[in-house]
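Residue numbers (the working numbering), protein chains in the order written: chain Y, -5 to 73; chain L, -5 to 73; chain W, 8 to 152; chain E, 8 to 152.
No wet-lab data here; the hints were simulated from the structure. Any given hint could be a false lead.
Said to hold, decoys possible - With a cut-off of at most 25 angstroms between alpha-carbon atoms, the simulated PhoX-like pairs for lysine-lysine come out as follows:
{"id": "1", "chain 1": "E", "residue 1": "K52", "chain 2": "Y", "residue 2": "K40"}
{"id": "2", "chain 1": "W", "residue 1": "K52", "chain 2": "W", "residue 2": "K70"}
{"id": "3", "chain 1": "L", "residue 1": "K34", "chain 2": "L", "residue 2": "K(-4)"}
{"id": "4", "chain 1": "W", "residue 1": "K125", "chain 2": "W", "residue 2": "K52"}
{"id": "5", "chain 1": "W", "residue 1": "K136", "chain 2": "W", "residue 2": "K52"}
{"id": "6", "chain 1": "E", "residue 1": "K125", "chain 2": "W", "residue 2": "K125"}
{"id": "7", "chain 1": "W", "residue 1": "K136", "chain 2": "L", "residue 2": "K40"}
{"id": "8", "chain 1": "E", "residue 1": "K70", "chain 2": "Y", "residue 2": "K40"}
{"id": "9", "chain 1": "E", "residue 1": "K136", "chain 2": "E", "residue 2": "K52"}
{"id": "10", "chain 1": "E", "residue 1": "K52", "chain 2": "E", "residue 2": "K125"}
{"id": "11", "chain 1": "E", "residue 1": "K70", "chain 2": "E", "residue 2": "K125"}
{"id": "12", "chain 1": "W", "residue 1": "K136", "chain 2": "W", "residue 2": "K70"}
{"id": "13", "chain 1": "W", "residue 1": "K125", "chain 2": "W", "residue 2": "K70"}
{"id": "14", "chain 1": "E", "residue 1": "K70", "chain 2": "E", "residue 2": "K136"}
{"id": "15", "chain 1": "W", "residue 1": "K52", "chain 2": "L", "residue 2": "K40"}
Claimed, not checked - Between beta-carbon pairs, the in silico distance windows are:
{"id": "16", "chain 1": "E", "residue 1": "K125", "chain 2": "L", "residue 2": "E11", "range": "51 to 59 angstroms"}
{"id": "17", "chain 1": "E", "residue 1": "I99", "chain 2": "W", "residue 2": "T19", "range": "25 to 33 angstroms"}
{"id": "18", "chain 1": "Y", "residue 1": "E13", "chain 2": "W", "residue 2": "Q81", "range": "49 to 57 angstroms"}
{"id": "19", "chain 1": "E", "residue 1": "P22", "chain 2": "W", "residue 2": "H80", "range": "52 to 60 angstroms"}
{"id": "20", "chain 1": "Y", "residue 1": "Y51", "chain 2": "W", "residue 2": "V60", "range": "22 to 30 angstroms"}
{"id": "21", "chain 1": "Y", "residue 1": "Y51", "chain 2": "E", "residue 2": "R31", "range": "22 to 30 angstroms"}
{"id": "22", "chain 1": "Y", "residue 1": "E13", "chain 2": "E", "residue 2": "I99", "range": "28 to 36 angstroms"}
The beta carbon of each residue, even a glycine, is placed where N, CA and C say it ideally should be.
Spelled out from the first residue to the last, the chains are:
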Amino acid sequence: MKVQVLFFGATADEVGEREIEIDLESAAQADAVFAQIVGKFPQLEKHSLLFAVNQEYANGDEIINEGDELAVFTAVSGG
Amino acid sequence: MKVQVLFFGATADEVGEREIEIDLESAAQADAVFAQIVGKFPQLEKHSLLFAVNQEYANGDEIINEGDELAVFTAVSGG
Amino acid sequence: MCEKQADFAEITSEPLETGAIARRVVPANCGATVTLDGYVRQFTKGRETLYLVYEAYEAMARKEMEKLISEAHQNFEIENVGIVHRLGRLEIGETSVVIAVAAPHRRAAFAACEWLIKELKRTVPIWKKEVYADGETWIEGDAGK
Amino acid sequence: MCEKQADFAEITSEPLETGAIARRVVPANCGATVTLDGYVRQFTKGRETLYLVYEAYEAMARKEMEKLISEAHQNFEIENVGIVHRLGRLEIGETSVVIAVAAPHRRAAFAACEWLIKELKRTVPIWKKEVYADGETWIEGDAGK
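Model the full assembly from the supplied sequences, consistent with the hints where possible.
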């Protein structure tokens, strides 16, 4: 099953992409999916990261399903 | 000696004048001068009054001299 | 620190443009401006106001506003302060006063702006008269606001 | 109570007009509007910034801004809230964000406006990049502000 992963600002620069698609074997918990993403891009580990699922901050225990929109970004700095 | 007394808003309406001149026998303390003014216009007594001497809030113990600008007005309500 | 510019305390019978007033206090190096915009309410304690008339002891009001600006600079880490109060007849919804404070950090700007409007209402010799369908009243003190 | 009008939360690449934004939250029956106007500082910790670039996760940022507005209505006695954040390249002194809050009484307007900017900087997914003569940095978190 495929899910979309978005990067912004510093994470987009680190990954070199603003959007990727990842393939999961089956529905999985968000924590595990985000760990897999960071494992794939270890250059992200030096940042303090925030995670979102379908445009909401992730709790970590939600189940990720086909077509979900994930996002990985650093602490925000708007204003 | 003559001093000028200004009224504003409610005190101007009560007195029917925006400005009067009063004649003092000699230099006097502000408290006494303002008591004399209110005595002359007892309709002012129903208001909570503030007093100014030369565009500063009066302490009460300043000496009023020829040419000073006094003012009698109610609690302010700007803003 | 922000680039130094002039504070201002003004009294006018012209309509107030909040945005233009706020821009005048903004130095290029500051971080935040907080603006308080007070305006004419239609109802006070359930009674309908048709319009207001503001009157000032202008010379003293300017001095008192300038004193407030000096005190604000002593008490808060702020850069520029602009205060403009309107006089004369104001219709419902029109702006009666604008206080804009620019500061390097927003906390000081909020604190100073709130302090300035509180003190202005307490000390600056300006009075408002509410005009109703069946009469009018000079408001004495700011307790009703 | 103030006459009910719409709140708004917007993201734009156009310059922000603080006065125009503040006017949009003003219902005729309210008493005060407090406006926070954040803008680009020339120096951060002594380092000169040439310009900034703001980027957002726009769909989520709009949702988070709307959540903040809902929470503000629950926590403060306010009538209308408008939040507009600018994106893209901003020059020194340009306005990056405007938050305007209208309320019957000014205390609630100050408290809500200060809470909203604090929370916006903590939760709304927008990032700024500072561009210097010799490089650039994405700012992570709002600790430096």
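- Violated hints - listed by number, lowest first: 2, 8, 19, 20
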